[in-house]
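*Asks:* Residues per chain, in single letters:
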Amino acid sequence: MGSWLDTWRIRYQSQVDPTFFRELQELPGGESIARCIQCGTCAGTCPVSHFMDYTPRRIIAMARAGLAQDVLSCFTIWLCASCYACTAACPQKIPITDVMYALKRWAIQRRTYPRRFPVPILAREFFRVVGKRGRNSEGEVTLRMYLKAGPWRHVSKAGLGLRMYLKGRLGVVPDKIRDRAQLSRLLGSLEQRLAGVSRQRQEPPLAASGERAAACCGGQAGGVS
Amino acid sequence: VSYLYYPGCCCALEATGRAYEESLLAVLARLGVQFPELGDWNCCGATMYMAVDEKRSWALSLRNLALAEKQGGNGPVDWPLKTRCCGGSLTGTVEEVGLRLAYILLREAKQRGADVVVTACPFCECNLECFQKKVRRKYPDLAALPAVFFTQLVGVAMGIPAKELGLHRLLVPLEPALARVHRGGSYAAATA
Numbered sequence: 413m414g415s416w417l418d419t420w421r422i423r424y425q426s427q428v429d430p431t432f433f434r435e436l437q438e439l440p441g442g443e444s445i446a447r448c449i450q451c452g453t454c455a456g457t458c459p460v461s462h463f464m465d466y467t468p469r470r471i472i473a474m475a476r477a478g479l480a481q482d483v484l485s486c487f488t489i490w491l492c493a494s495c496y497a498c499t500a501a502c503p504q505k506i507p508i509t510d511v512m513y514a515l516k517r518w519a520i521q522r523r524t525y526p527r528r529f530p531v532p533i534l535a536r537e538f539f540r541v542v543g544k545r546g547r548n549s550e551g552e553v554t555l556r557m558y559l560k561a562g563p564w565r566h567v568s569k570a571g572l573g574l575r576m577y578l579k580g581r582l583g584v585v586p587d588k589i590r591d592r593a594q595l596s597r598l599l600g601s602l603e604q605r606l607a608g609v610s611r612q613r614q615e616p617p618l619a620a621s622g623e624r625a626a627a628c629c630g631g632q633a634g635g636v637s
Numbered sequence: 289v290s291y292l293y294y295p296g297c298c299c300a301l302e303a304t305g306r307a308y309e310e311s312l313l314a315v316l317a318r319l320g321v322q323f324p325e326l327g328d329w330n331c332c333g334a335t336m337y338m339a340v341d342e343k344r345s346w347a348l349s350l351r352n353l354a355l356a357e358k359q360g361g362n363g364p365v366d367w368p369l370k371t372r373c374c375g376g377s378l379t380g381t382v383e384e385v386g387l388r389l390a391y392i393l394l395r396e397a398k399q400r401g402a403d404v405v406v407t408a409c410p411f412c413e414c415n416l417e418c419f420q421k422k423v424r425r426k427y428p429d430l431a432a433l434p435a436v437f438f439t440q441l442v443g444v445a446m447g448i449p450a451k452e453l454g455l456h457r458l459l460v461p462l463e464p465a466l467a468r469v470h471r472g473g474s475y476a477a478a479t480a
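These protein sequence lines are chains A and B, in that order.
Its first residue numbered 413, the first sequence is counted upward by one per residue in this note's numbering.
Its first residue numbered 289, the second sequence is counted upward by one per residue in this note's numbering.
For reference, chain B alone in the conformation it holds in the complex (with noise of 0.2 Å):
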């Protein structure tokens, strides 16, 4: 997984911020993250093409979203969910409650588009994916979403390898959705 990166004028090259762009680069690249710059970007327009015009200057950033989108870019989905509760314990003592929980999670986050959800929790971790099939099985209108830990989704940004990330313990397996991560994908951050 690589990142795009977007140097805006400051720290373009002879610009005033290219110390900025020299160390990002250099402490990515010890990193071991891949940072390829987003090609043929322009201008945001800052604040001061704004003051003029706020049609062209939406223009402008559409053109280099519309370039981030064509060569591929990963962010977290907008997920109004990420903190809501994914019910705890009541998937193991209360199913039905549970897994409603879990189902209302899962279809927010597939439907604003994400690829996989991150969690922080472990107990969001364990209903969102162990208990992924039984959701389904309840709700079939929802399609497979790879739910892991957020340190999982960092270690493969990293390009740590599978094994050492625990990827062999999911359920729901993470390789569909690296798939299309690679071709610039979403995730959906949970914090609760």
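Isolated chain A (complex conformation) (with noise of 0.2 Å):
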């Protein structure tokens, strides 16, 4: 627990990161953020909003505002399911979902999520099964997901996976892709050369087209690459 101050999430000018929203602006369809009307269909709309620290409109509001510390370090953003309910209803055709997974990114690019919670933990582990086997084998990722989310709290799983395993739905030897090394030719530089290719095309970062160039769809991987 941190001061009263904290729980009554009072901020001040001094806390306020200026570069926050337009970096979000940044982003493809990002400048739509500055169209929202604070409405709050995107919360009415979300199955999770009710478990959230801040709902949808509260974060696109926080965002704009600045206050990028308690946007990137809060439950909100790993709660999003990325079910697009939102983005389907908003009606000034925000993006939500897809601001939520940059929020996701900048989030564990800076290490500010929440500690020991298993949602970004899962999307980590995810991210490094499937860049290196090209493929996600769910027990070994459940596995690991466990192990650094606090083995201790989820002991009351291993029963339904014993269950799942004995159906011969739960896989423990890890699939994988034959040409690994062409995968990891293909990721290892992505940047650098994506970086090469908007300079030669006086474009900015393709971003967006690059992620979507993985060999795997990437599932949770959305939220950390």
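It should be emphasised that the hints constitute simulated quantities derived from the structure, not laboratory data.
Any given hint could be a false lead.
Said to hold, decoys possible - Far from chain A, some chain B residues (derived; all Cβ distances over 12 Å): (1) GLU309; (2) LEU313; (3) VAL321; (4) CYS331; (5) GLY375; (6) GLY386; (7) ILE392; (8) CYS418; (9) LYS422; (10) LEU430; (11) GLY454.
As the list claims (entries may be wrong) - FRET-style restraints, in silico, Cβ to Cβ: (12) A:ALA570 <-> B:THR439: 44 to 50 Å; (13) B:PRO324 <-> A:ARG447: 52 to 58 Å; (14) B:TYR427 <-> A:GLN450: 54 to 60 Å; (15) B:PRO368 <-> A:ALA570: 50 to 56 Å; (16) B:LEU319 <-> A:CYS451: 36 to 42 Å; (17) B:ALA467 <-> A:ARG476: 53 to 59 Å; (18) B:ALA467 <-> A:GLN481: 55 to 61 Å; (19) B:GLN322 <-> A:PHE487: 51 to 57 Å; (20) B:ASP366 <-> A:ARG476: 39 to 45 Å; (21) B:GLU342 <-> A:GLN450: 45 to 51 Å; (22) B:GLU325 <-> A:LYS544: 36 to 42 Å; (23) B:LYS426 <-> A:GLN481: 47 to 53 Å; (24) B:GLY363 <-> A:LYS560: 44 to 50 Å; (25) A:GLY441 <-> B:ARG344: 51 to 57 Å.
Unchecked claim - With a straight-line Cα cutoff of 20 Å, these simulated SDA-like cross-link-like pairs (lysine to any residue) come out: (26) A:LYS505 <-> A:LYS560; (27) B:LYS422 <-> A:VAL567; (28) B:LYS421 <-> A:SER494; (29) B:LYS370 <-> A:SER494; (30) B:LYS398 <-> B:LYS451; (31) A:LYS560 <-> A:GLY543; (32) B:LYS426 <-> A:GLY571; (33) B:LYS451 <-> B:PRO464; (34) A:LYS569 <-> A:VAL584; (35) B:LYS358 <-> B:LEU459; (36) A:LYS505 <-> A:ALA593; (37) B:LYS422 <-> A:SER494; (38) A:LYS579 <-> B:PHE323; (39) A:LYS544 <-> A:ALA500; (40) B:LYS422 <-> A:LYS544.
Even for Gly, the Cβ is constructed at its ideal location relative to N, Cα and C.
Once you've looked at the hints, go ahead and assemble the two chains, each given alone in its own frame, into the complex.
*Replies:* Structural data, given as structure tokens:
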């Protein structure tokens, strides 16, 4: 528990990051965030908003106000299941789910995500396993997540894992693609190569299209890559 | 599982659409789908009957529906949550949230009279089926409701053996629901 000031979420000008809103606007489609009319349709549509510390509407407002630290350390962005209900319903056509993805990536890059919270751990482990083997193996990724998130809190889940294993629905041998060397060449220097391409074309970095070039669809890795 | 066939006047014997019925029945026979006709069905009323008397046109449709109910007919229930998110990996990460999302979907499907939920997404299937025991422990008011891949239910309807459809991999067995479906059951289709 922090001080009552934290609990009441009072923030001062000195805590504001003036570059944060600009960075968000530089995302593909990010300029639309300025159009938000704070109607709350996203919060009303979101199936998990009542579990969030800030609703999606608040996240947009806080991001515009430059409250980077709060936005990047909250649980909201990790509770977002990327169902796109908010994006489909937004009257201002703001790609809210994409904004959430960007916030997840920044939270991981800046290491501001809540420690021991299983969602960012799952995203990172998934990213690592898929980058290494080219395929996700559910059993391995889940086990890694629980070990890192504090295995004592997740003992109760072993029963279901065992039952699924007995039904042949949980693999224990990690799956992998054949040409892993090719995959590691593809992913290895991606940023430098993309930067080279964008310099040649005199265009902004191709972040969004680059992410979609990975061999696997990415799934949870969308939160980290 | 069989479908009930309602030919309608146009496709009935010696009507303009006669070849429609003949070809349809030939194709379904080749696919191995049973297709009994709704016994003693009446005209649907089309648009003309409706133009004369609205209430009587409803009565015409109702008679067909009542006959179908008596004879047993399967179909999807109206399930407005069909595109609502199951929570994805939240069942594994933040269990409380994930289980609640699964509970909301299952309860609504059950209340709307579904005997089984069919899904297109493997995450939806896993959350609604594998985690169902946990969901029911947390929310005891929920009765068991099988959830399967839509291909599994299609396979059952086509008479493919259970083993080939992976029905033995289910943690919530489908068989009790199938017994009901044979007498005319309903399913809830999830598309998210």
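*Asks:* With reference to the structure, classify each hint as holding or not holding.
*Replies:* Here's how the hints hold up against the structure:
1. GLU309: Holds, because the least Cβ-Cβ distance between GLU309 (chain B) and chain A comes to about 41 Å, which exceeds 12 Å.
2. LEU313: 39 Å, holds
3. VAL321: 29 Å, holds
4. CYS331: 41 Å, holds
5. GLY375: It is violated; GLY375 (chain B) is separated from chain A by about 5 Å at its closest Cβ, not greater than 12 Å.
6. GLY386: Non-interface label on GLY386 (chain B) violated, nearest chain A Cβ at 9 Å vs cutoff 12 Å.
7. ILE392: 8 Å, violated
8. CYS418: Non-interface label on CYS418 (chain B) violated, nearest chain A Cβ at 6 Å vs cutoff 12 Å.
9. LYS422: At roughly 7 Å from the nearest Cβ of chain A, LYS422 (chain B) sits no farther out than 12 Å, so the non-interface label is violated.
10. LEU430: Holds: least Cβ distance 17 Å, greater than 12 Å.
11. GLY454: 9 Å, violated
12. A:ALA570 <-> B:THR439: 44 to 50 Å: Violated, at about 30 Å.
13. B:PRO324 <-> A:ARG447: 52 to 58 Å: Since the Cβ atoms of PRO324 (chain B) and ARG447 (chain A) sit about 57 Å apart, the hinted range of 52 to 58 Å holds.
14. B:TYR427 <-> A:GLN450: 54 to 60 Å: 34 Å, violated
15. B:PRO368 <-> A:ALA570: 50 to 56 Å: Violated, since PRO368 (chain B) and ALA570 (chain A) (Cβ atoms, about 36 Å apart) do not stay within the stated range.
16. B:LEU319 <-> A:CYS451: 36 to 42 Å: 50 Å, violated
17. B:ALA467 <-> A:ARG476: 53 to 59 Å: 57 Å, holds
18. B:ALA467 <-> A:GLN481: 55 to 61 Å: Holds, at about 58 Å.
19. B:GLN322 <-> A:PHE487: 51 to 57 Å: Holds - the Cβ-Cβ distance for GLN322 (chain B) and PHE487 (chain A), about 52 Å, lies within 51 to 57 Å.
20. B:ASP366 <-> A:ARG476: 39 to 45 Å: At 40 Å between Cβs, range holds.
21. B:GLU342 <-> A:GLN450: 45 to 51 Å: 46 Å, holds
22. B:GLU325 <-> A:LYS544: 36 to 42 Å: 59 Å, violated
23. B:LYS426 <-> A:GLN481: 47 to 53 Å: 34 Å, violated
24. B:GLY363 <-> A:LYS560: 44 to 50 Å: Between GLY363 (chain B) and LYS560 (chain A), where Cβ atoms are some 47 Å apart, the hint holds.
25. A:GLY441 <-> B:ARG344: 51 to 57 Å: For GLY441 (chain A) and ARG344 (chain B) the Cβ distance comes to about 55 Å; the hint holds.
26. A:LYS505 <-> A:LYS560: 38 Å, violated
27. B:LYS422 <-> A:VAL567: OK: LYS422 (chain B) and VAL567 (chain A) at ~14 Å, within 20 Å.
28. B:LYS421 <-> A:SER494: 25 Å, violated
29. B:LYS370 <-> A:SER494: 16 Å, holds
30. B:LYS398 <-> B:LYS451: With Cα atoms ~26 Å apart, LYS398 (chain B) and LYS451 (chain B) exceed 20 Å; violated.
31. A:LYS560 <-> A:GLY543: Holds: LYS560 (chain A) and GLY543 (chain A) sit about 19 Å apart, inside 20 Å.
32. B:LYS426 <-> A:GLY571: 16 Å, holds
33. B:LYS451 <-> B:PRO464: 16 Å, holds
34. A:LYS569 <-> A:VAL584: 16 Å, holds
35. B:LYS358 <-> B:LEU459: It is violated: about 32 Å lies between the C-alpha atoms, which goes past 20 Å.
36. A:LYS505 <-> A:ALA593: Roughly 41 Å separates the two Cα atoms, so the pair is violated.
37. B:LYS422 <-> A:SER494: With Cα atoms ~23 Å apart, LYS422 (chain B) and SER494 (chain A) exceed 20 Å; violated.
38. A:LYS579 <-> B:PHE323: 34 Å, violated
39. A:LYS544 <-> A:ALA500: 34 Å, violated
40. B:LYS422 <-> A:LYS544: Cα-Cα ~33 Å, so violated.
Checked against the numbered hints given earlier, the structure breaks hints 5, 6, 7, 8, 9, 11, 12, 14, 15, 16, 22, 23, 26, 28, 30, 35, 36, 37, 38, 39 and 40 and satisfies all the rest.
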